[in-house]
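4 protein chains.
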Amino acid sequence: MKKILMIPGPVEYDGDVLASMSIPTISHTSREFIEILQDALRNVKLIFGAPEDSLPYIISGSGTLAMEISVANFLKRDSKVLVVNTGYFGDRFAELISRFTKNIDVLKPGLGLAVDPEDVRDAASKKDYDLITVTHVDTSTGVRNDIKTIASALKDKNSLLVVDGVCSVGGESFDMKWGVDIAFTSSQKALGAPPGLAIGVVGKRGLERMERVDPLTYYSDLRKWLPVFKSALEGRASYFGTPNVNLIRALSVSLNSIKKEGMEKRIRRHEIVGDAIRSALNTIGLEMIPKSSYANTVSAVYLPKNVELQKFLSQAEENGVVLAGGLIEGISSKYFRIGHMGSVGPVEVLATISAVENSLKNNGARIEAGSGIAAAQQALQKLS
Amino acid sequence: MKKILMIPGPVEYDGDVLASMSIPTISHTSREFIEILQDALRNVKLIFGAPEDSLPYIISGSGTLAMEISVANFLKRDSKVLVVNTGYFGDRFAELISRFTKNIDVLKPGLGLAVDPEDVRDAASKKDYDLITVTHVDTSTGVRNDIKTIASALKDKNSLLVVDGVCSVGGESFDMKWGVDIAFTSSQKALGAPPGLAIGVVGKRGLERMERVDPLTYYSDLRKWLPVFKSALEGRASYFGTPNVNLIRALSVSLNSIKKEGMEKRIRRHEIVGDAIRSALNTIGLEMIPKSSYANTVSAVYLPKNVELQKFLSQAEENGVVLAGGLIEGISSKYFRIGHMGSVGPVEVLATISAVENSLKNNGARIEAGSGIAAAQQALQKLS
Amino acid sequence: MKKILMIPGPVEYDGDVLASMSIPTISHTSREFIEILQDALRNVKLIFGAPEDSLPYIISGSGTLAMEISVANFLKRDSKVLVVNTGYFGDRFAELISRFTKNIDVLKPGLGLAVDPEDVRDAASKKDYDLITVTHVDTSTGVRNDIKTIASALKDKNSLLVVDGVCSVGGESFDMKWGVDIAFTSSQKALGAPPGLAIGVVGKRGLERMERVDPLTYYSDLRKWLPVFKSALEGRASYFGTPNVNLIRALSVSLNSIKKEGMEKRIRRHEIVGDAIRSALNTIGLEMIPKSSYANTVSAVYLPKNVELQKFLSQAEENGVVLAGGLIEGISSKYFRIGHMGSVGPVEVLATISAVENSLKNNGARIEAGSGIAAAQQALQKLS
Amino acid sequence: MKKILMIPGPVEYDGDVLASMSIPTISHTSREFIEILQDALRNVKLIFGAPEDSLPYIISGSGTLAMEISVANFLKRDSKVLVVNTGYFGDRFAELISRFTKNIDVLKPGLGLAVDPEDVRDAASKKDYDLITVTHVDTSTGVRNDIKTIASALKDKNSLLVVDGVCSVGGESFDMKWGVDIAFTSSQKALGAPPGLAIGVVGKRGLERMERVDPLTYYSDLRKWLPVFKSALEGRASYFGTPNVNLIRALSVSLNSIKKEGMEKRIRRHEIVGDAIRSALNTIGLEMIPKSSYANTVSAVYLPKNVELQKFLSQAEENGVVLAGGLIEGISSKYFRIGHMGSVGPVEVLATISAVENSLKNNGARIEAGSGIAAAQQALQKLS
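Residue numbers (our numbering), protein chains in the order written: chain Z, -19 to 364; chain V, -19 to 364; chain Y, -19 to 364; chain B, -19 to 364.
What the hints contain is simulated information worked out from the structure, not anything from laboratory work. There could be a bad hint or two in this list.
[To be verified] List of simulated lysine to aspartate or glutamate pairs, DMTMM-like, C-alpha gap at most 25 angstroms:
1) 245(V) with 298(Z)
2) -18(V) with 297(Y)
3) 204(Y) with 244(V)
4) -18(Z) with 85(V)
5) -18(V) with 297(Z)
6) -18(B) with 15(Z)
7) 239(Y) with 12(Z)
8) 291(Y) with 214(V)
9) 341(B) with 348(Y)
10) 239(Z) with 298(V)
11) 291(Z) with 12(B)
12) 245(Z) with 12(Y)
13) 240(Z) with 85(V)
14) 204(Y) with 191(Y)
15) 82(B) with 58(Z)
16) 82(Z) with 298(B)
17) 291(V) with 214(Y)
18) 204(V) with 12(Y)
19) 362(Y) with 298(B)
20) 204(V) with 348(Y)
21) 82(Y) with 58(V)
22) -18(V) with 298(Z)
23) 56(Z) with 58(B)
24) 291(B) with 58(Z)
25) 82(B) with 191(Z)
26) -18(B) with 12(Z)
27) 271(B) with 251(B)
28) 82(V) with 12(Y)
29) -18(Z) with 19(B)
30) -18(Y) with 251(B)
31) 210(V) with 58(Y)
32) 240(V) with 19(B)
33) 240(B) with 297(Y)
34) 204(Z) with 75(B)
35) 240(B) with 58(V)
36) 239(Z) with -6(Z)
37) -18(Z) with 15(B)
38) 239(Z) with 15(Y)
Turn these sequences into a full structure, and let the hints guide you.
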């Protein structure tokens, strides 16, 4: 019996992406590999809406490496940072940054709330932050911040705007040209390739800031890595660390299929899918963690009282759908999460809602079976 | 957007079965390959319920090759054959047999009906048939014949009972020890491996009959092939034609996973899945081709009047589910077919029913959305 | 420790061909598959040098199925056939044909000799053969017949010229427009895809002959299959038996890489490789079975007296090279065979010659170590 | 034409390792994945000769991440470090460590020399180093240090002995129980899996030291990671960053095949292969960078004067063998490197030597063709 992976990363990957993983590893300095890497880097820039004068990277590591890269290269010991925290990965951002500077202010809207862009502007007006970090979509809560408005509100500031796009890029509307200086994601979410790659882009202002910073770290030192990717963009091989050849090939296959689908159509598909899932959960009578700013890519949903998380998850899995538990301390066993990104469509949505309905029912929740499905079906009509 | 393959073969295959296809081809006479082949042959015997003194085969070809093998080796020019015809593959059986003998009687219950075992016995009492062929489940109609009772009804006859198990073995209860002399299937259906292998077993009476027959064909001449498989069962390499090394490896992976699941549990799963699909279709108000003897593995369903097949199928595909049209001449555009075999479970069932509901609705059929899903959900409860 | 497969099929396949095998199976009637099949069929025609008005086929089965197809569709019970026999597969051709007609004449040059085209013409002048079959390269002996001259010698005859190209097409110069009516091969040799596909082309005169023949066989009945491939060439789906979807995809990958290399360059590479191997074997002092007409694709080589085949082969395998034993009755343990087709190049040639040298030495043969390698190296210079 | 990858990582991987990469990604917290991870961790311990009370890790990243991990977690700002530098990766070690402390002494034997263990002991007697780092085999020079004797010489010291085993573990005799506190490698070399994983083990003394250190880095902070791997060893899921699921599965396949071969036999094979390559190069008349302490896994070889590196490499590649250039500043274009690890055997050795011979000859070097091959053949005899 097949199971589908509906956690917020890794997700279900396309068959040709997976198959490409098994092509024999080639030399990381060969012409063939440089072309694959060049192609992947170009598509990364495209998908991030990266300006011409920015530089992308693709480095072996998880999303947390990309997070470290995005601050370690831009902070001095006395730098001032504002962290917008809308969940677990906001906590992580603050904790990680505290390794590099202790001057950290945190803007933390209540659980389930996106940050008010005005609040970010206010804070930035009171203190001259070197860096302002925002999690676009926090994987732990499914809350989506409004990056476009935040970027616009910060246009006249010197602060670098760093966006954690791990749970958004490829599934949410996103454009560095809104005024984002540094952005990152990882391979395994909306970019549709297996986990193992930290991916990001540094814009012009970020590149300038780097010149005045001596990073304390080494593996995440972009001065080591960026020349390699600059070379690759120009079609030449260069070396710092051995790249994940097979996974970069798989990423390249996935990015090309994203390009083929078209970003607008892809984001719209994620939007409809997100709507369909929320509509279904709402009809079933479940409450979501986000109060309004819902992500396209992940849904965090409170369990009805008396339904035990582990039992709920394992029952859903018996229905063929692998879901995730919570990540927010204190309530991590009170909610579950659905990842809906990548090549997700009606098959995954309907199987998931059905598994949720079934599992709730079998765990004693009073729900009207099929009502969620009907709502999802209705919402999915917009796909055609 | 992912699509799932819900046609009656090929179907969705397990990830490890597919991945094993890309292991580099090894010599067909190597120890390693002989062990893989030996293992696959043993598991074929197990799954067919084959008696100890029978011989299995796995030959490059489609199910039609297995059909030819199952008659060409047992018929003389004057042999008498009774063909039980419950659909397209019954027609094919008769047409194929007509190459070898003209003494063919056909027992053809009305469309949607399984044969009455008594009728088979009666026919066999009136004429001394050399061969009686029955399609266990006809892929074109989803009608399932009662092999066990038929075999029992023929116990005292000299006729060889040949069963086309293409759409049944691995998904329907089946046991050669009921009294089946010759049986066959192909890789791509309920055995869970990609298409390309004709698979079958010849029991003791069949092996004896072979000694008195000179087949007119060559590629399907078992006297050429059986020694190869006999050798392999004994752990020795032997050659007639180059085997499909990669696909036999994949089949072996799949057969081992079947063995691990356990035949009883597997058949029960197919039964529940079949019930769930029928229950849903019934609730939606669709009529099925079978009047009573429904297959676990495939459902043939009339479209509501005014719903056009091609539009229905392409709408279902936009919902991520690939279905098949009809195969029975005259009504082939009036019904559709769902294949539900292999590793099929709730994910596939619910996505399918939802796609059917949506597509019907969008094609103007009046159906109560979600009702089918609810019925399927209900029926699937039995899986746990 | 890796082993390379240097038997005359299966051979070493490219990594992307193998990886493509694991892409999930798609519907055999889907647009995507029809395009893959169409592409493969077009490339088959290209590689066979097939005239515009010919029809190609790709059917699940081994090379022997292609052989059956190539005669069963063109012979009546009283047809007269001339079989040119230069090895094991010449024997098989005669045996296979004897299922369809008893009027068979065999032209069998001595072991190791190619047929003299004049002898074929003489025979054809004396009797009005319906079919003349020639094995281009007999896998058992490595003898290559001169198809071009034979075809030319038969230009004014009514006989259909059938060529077994199993061990040649893709590795030897071959062009149906020389005057070949029917030709075939299988996937696993010089076409570079795993075993499992019978592949061939029927020219105009063959298609006309088919109209006057009722084949006795069914699975190999081209009247059933050709409409399917004609449809595919025109971009439409059609059904007779379920095609080997995954393997046809892999074949398509391989055929495109053949097209990319270019037929002329590819044949030249096989020629140089064949020369290099023979030059090495000759230097080592080994005698080959062919007396002059050597194949590019396979070499059949006598073992020195006192060297035992099984020991020789297993020693070679310990050196990482899998070789094959003999196939010709009476001398099958006195010679070994090397397959050198597909993506073969210096790596395989040198590893093979070295394994041969080592194994001979370890089995007591007096050879000058390294002499073969030096000769091969010399001959391979022409590759650059 | 196939090419083999004979650079010092990535190398040629086994077909089943590559095929396993394409198995659909599963949840990183699933039972199935935890079992795979547990198995891989246990085998890592086995292959490192890790004591019972040590802890292993497998983290997405290149070998340089493992290097950072191996110092960042054990150093304070005032820590004293001795770096044994025998090549490019010794330089890297020193540079990397300089991010964490400025108290670095470097012990640098002349180019091509291994360190004298007595010199390490002397240095360690004069200063109380917190950490002593040694590169087992420096990938840039192929010089192998004698870890066993060094460890023995340091037995009574408080210094932690850190060994960079990137180019050794799995191909050289290595045992943490000799007295190594911290050791690491990466997936793509002698462990036989594609690049992308930083792999290492921390012994008891290292774990104790960690308790007194606050790492400045985050992604390489073992306090975050080790609990995850401790859990996995105990069969429980835990989370810090999303693991590279597919690659860990591939690693697990490779580690199991290493275990099956047996460490002793595997090291012996690498030794014979290294000997064969050196013997061949020596016969050809080439000088190696190491003066005596040759690695089993990589050979660094001076080009004859007048032979240009890029021409040499591209000619070798035309012969099907991908080699690497130099890495040591100042002489990087004067030598080339051969990686010979993983599943390497006679096929790769002979193809490589032949490509080297050919390429040298075609680039004007005066060498006796075939002499290298003969020497390699001779040395490879010991494999049987």
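### Task
Return the numbers of the hints above that this structure violates; sort them in rising order.
2, 3, 4, 13, 16, 18, 20, 24, 28, 31 and 35
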